[in-house]
Amino acid sequence: MNALARAVPLPPARTRRVSSWLRSPWRKPRILLGITVLYIAWSLLPVLIAVLFSFNAGKSRTVWQGFSTRWYYGDPLRSVWHDPTLHSAVVHTLWLGVLATVVTIPLGVTMALGLDRWRGRIPAGANAFVLISFVLPEILLAVALLFVATVLVTPLHLGTVGQVVGLVTYQLSYPVVIVRSRLLTIGKQYEEAAIDLGASPSGAVNRVLLRMLLPAIFASTVLVFADVIDDFVIVRYLSGGSSTEPVSVKIYNTARAAPTPALNALATVLLASSLLVVLVGFLAYRRFTRGERRSIDMFAGEG
Amino acid sequence: MPPAAGDPFRPRRARPGPVRRRAFLKALLAAGAAPALADLLAACGSTGSSGGADAAAGTAPKIPSPSNPVRWPLSTTHPAIKSGLKVKRGSTLRIYNYADYLGPQVIKNFEKKYDVNVNLSTFNDEDEALSKIASGGLGLDLYFPSYDSIGKLVGADLVRPLNHDYIPNISHVWPQFHNPWYDQGWRYTVPYSVYTTGIGWRADMVKEDVGARSNPYDVFWDPQYADNLAVLDDWHTAMSMVLLRNGIKNINSTSPRAIKLLHDQLMAMLHKTHPKVTITMYNDLPAGQYGLTQMWSGDVVNAQYYLPKGTSPDVLRYWFPEDGRGMVDNDLMVVLAQGQNPVAAHLFLNYMLDPKVAAANFGYIGYQPPQNSINPDELVADGYLPKTLKSAAVLPHYFDVGYRLLQLPPAADQAWHQVWQEFKAGA
Amino acid sequence: MPDRSGRTRAPTGQRLLWPLMALPGTVWLTVLFIAPMYVVLAVLFGGVDPILRQPVPVWNPVQWDFSQFDYVLTHIAGADGFFGPALLRTAVYVLVASALCLLVAYPVAYYTARFAGPYRGLLLTLLIAPFWISYMMRMLAWVNLLQNDGLVNRVASLGGLLDVHVNWLAGHPVTVVLGLVYGYVPYMVLPLFAGLDRIPAAVQEAARDLGAGRFETFRRVTWPMSRQAVVVSMLVTTLPMLGDYYTNDMLSASPQTSMVGNLINNSVLTPGQTGQAGAFVMLVLVVSIVPMLLYVRASRTGVEVES
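Protein chains in written order, with my numbering: chain U, 1 to 303; chain L, 1 to 427; chain D, 1 to 307.
Heads up, a few of these hints could be off.
What the hints assert, rightly or not - With a straight-line Cα cutoff of 20 Å, these simulated EDC-like cross-link-like pairs (lysine to aspartate or glutamate) come out: (1) Lys387(L) x Glu208(L); (2) Lys112(L) x Asp75(U); (3) Lys207(L) x Asp163(D); (4) Lys249(L) x Asp323(L); (5) Lys207(L) x Asp218(L); (6) Lys260(L) x Asp80(D); (7) Lys356(L) x Glu378(L); (8) Lys390(L) x Asp314(L); (9) Lys387(L) x Glu322(L); (10) Lys260(L) x Asp218(L); (11) Lys82(L) x Asp165(L); (12) Lys272(L) x Asp218(L); (13) Lys387(L) x Asp323(L); (14) Lys108(L) x Asp75(U); (15) Lys59(U) x Asp149(D); (16) Lys309(L) x Asp149(D); (17) Lys390(L) x Asp323(L); (18) Lys309(L) x Asp75(U); (19) Lys390(L) x Asp377(L); (20) Lys112(L) x Asp354(L); (21) Lys390(L) x Glu322(L).
No lab work stands behind these hints: they were computed from the structure. Please read these numbers as outputs of a predicted model, since none were measured by experiment.
Bound conformation, chain U alone:
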């Protein structure tokens, strides 16, 4: 409340200026609206154009040569469907998404619960570290794990194992942060009531807390999955060979070489699967949280 107290005292009313439209506090914020619309166009149009060119009938990615699905299926050599390297990139990307999510979510949710209720130095430190890993430049972790994989004999090899381990480590902060902020809004009373009514501590967690956390768990699942399939730095450094190169790495490698619209098609396939997951997730999430405001913010991972 401090910030508010500091902010409220105002200069004496300056009624003379109110006449000017520009200074009217109640006018429609047209400029802001303009900026917002421009921003959305700027952020999404390039991608839409890239998607459009994945349907180009010719080889160009800058000149429209008619509509076709050749880069998805038609081209017997270089379409996403027929080129084994593109094909396997899509499969591997989704596979990484599933594996990393399946490990990250349980690990993160239990960690969030534990850190939230356990008081002391260790949990405080672990918590600060989680927050830090949220913003740490990804390349630092990627290089460190690359060294582990290349100079040490451990089960952490370049390839799927290394990629999943790296992704889980990097993504772990998402469920922890999201679930913790949800825990803060829930408070402790429900669980205490359950214990008062005779439930064991772990029973209270299972029956009461986890149920109430479901929306947050769900949101973090979708978020982690979508973020994993878009990841680039970790999966590139820890990839083993072409069979473990996901879509983002293919795009990076090929965009600097000689891309065809098949690359746009590849990216579009990934985009579509990403949006599908999010859409399904969002609809389900809405069912969980009917009647709660701020659902979208939470979903954005910043609640």
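Chain U is fixed; fit chains L and D onto it per the hints.
Frame of chain U; chains L and D shown alone:
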């Protein structure tokens, strides 16, 4: 430098294990020891010693050159495969190569012919490739190195000797590759492609005839082409061009003077013309991203297929010294020891040396195979090259007079790399 | 948040339960995040093998060899300081890009939080959309647009009226910075939105009722109340940008726009220079620690205010 007792980490290379030591001993035998030892010690001194044990047990591998042909020792840990083996149907062949350096249809046909799945991974430069191969565990079967890495690959025991019974098609290859200086008796390698390194440009973007200059290499320092040119993202190739510009024919120089010159002129280039540093000229030049570039002959040939619709291939130009006194190279194919499918790897080598396959692959990648059936003088007539790119043909006699990129001794290698690093940091 | 459970001592089972639950994740982070940082040190202060010049880690700090680290440090400033410009460039690019991000994101987040009305859900969905689109695809889209015959030049030349041939991808700092802004601005919009949304509309209305103009209201009420969110969102975008090398690679590929991420990426797989990659990793880590602690503090207080 032994790890502390009870160290939870088990370092792989902290000191040579039995296998390592054998590799070192082999390298020692190959090299006749003493002279290279000094280089090695110098390298250790400047990068931080990797331990007295290493220095005592091993030495840098021998460096082959046309005047100093090398016959590599046969690996004992990874012997050649037996004759007459059949490839396992449905097995996977893992190939490690540059991007766009192997025709997709060629791969498809091989898969069909032998019922094998080909898995192609790509790298950006040989440094990256060697590091990843050395890390092991990738299980790669085939690698496409340049001959300057052979010493390292054999020295670190990463390659498998070839069984010649599987590769009768070697007979289709230019005679000088039947017993090459970099691998006498082709124990580990077969040739893949031949190419020159020259200058490519677009006649519609660069008004002068670069090749007509008294010193064509000067264009990279000519401010009128600032922001309009590129050099190869390959440290040795790009830097050798600086030496050639100055009339230094030893493009593998270890002299501090030459290295100083490299440094100064590279930095001058950076500030005068702001070159891009990339290996995708075959795409960028036809796309018009820049008009002038250091270029491999194979890439300029390939570039004609990447031109936008309506642009004639005639705009592409390529200069390489007519007398052949420029950089000439050939790339190789080797079977990696870590691969799980050496039989398929041998079959693939033989397949790539088949005249028909080699020609088809040439059509896709633009890099000429050293095949007897492909007449370099008639590449234009045969439709491989437009008339304006006649200079991109690689003639056999280039290999008698041209300059070769050789493996550098470790200390010099490091000095060159440092200059390159500085260049790439954009100071 | 006041701890209401203070009235009763938790039973022993419960006291053990929480540490047990926190354990797996904490161990995971320790083993796979903190321990690997030690491996980086062991490589940085280790040696190289003589044939392939691959790194040989040295685990015992007593035997550490500081020559590679020294090499990097001595080449940052001074006559031989060729790393210096790249580091400086990183700082400038990142700061300019972050400032531009804020300039774009703040009004957008503010509008969405305050004035979107019935379109709020739609707007928010559109703002979040870039999150679900792969970063690489968004960069690829720009590569297409910025090519010489790409849409940007064609639109700029008004369909052939003017002769516009800007070579956007030829290594211009402007292209790289705009690429960074484009890439990272969505990460800034959302925390800003969350922060601005938390400011009760009544406070702003009260300010206006008391006669403050738009600008005055913003300067005296909105901005001070959103400062926390601004700090958090700046850090959330700035810190990850520090490690970026791919934006640069995709949109420029010129040494003259190299950033520290490129230095790391160039040396990490170069024989004999792997340790230097380690040195830069440590450098970035050290530089970002202060802002990180700042961020941890800011997001903690943020969470507390929220509850």
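Going down the list of hints, with the structure as the test:
no., hint, in the structure
1, Lys387(L) x Glu208(L), "holds, 18 Å"
2, Lys112(L) x Asp75(U), "holds, 18 Å"
3, Lys207(L) x Asp163(D), "holds, 19 Å"
4, Lys249(L) x Asp323(L), "holds, 14 Å"
5, Lys207(L) x Asp218(L), "holds, 15 Å"
6, Lys260(L) x Asp80(D), "holds, 13 Å"
7, Lys356(L) x Glu378(L), "holds, 17 Å"
8, Lys390(L) x Asp314(L), "holds, 11 Å"
9, Lys387(L) x Glu322(L), "holds, 16 Å"
10, Lys260(L) x Asp218(L), "holds, 18 Å"
11, Lys82(L) x Asp165(L), "holds, 9 Å"
12, Lys272(L) x Asp218(L), "holds, 12 Å"
13, Lys387(L) x Asp323(L), "holds, 19 Å"
14, Lys108(L) x Asp75(U), "holds, 14 Å"
15, Lys59(U) x Asp149(D), "holds, 14 Å"
16, Lys309(L) x Asp149(D), "holds, 12 Å"
17, Lys390(L) x Asp323(L), "holds, 14 Å"
18, Lys309(L) x Asp75(U), "holds, 19 Å"
19, Lys390(L) x Asp377(L), "holds, 9 Å"
20, Lys112(L) x Asp354(L), "holds, 16 Å"
21, Lys390(L) x Glu322(L), "holds, 11 Å"
The structure agrees with every numbered hint stated previously.
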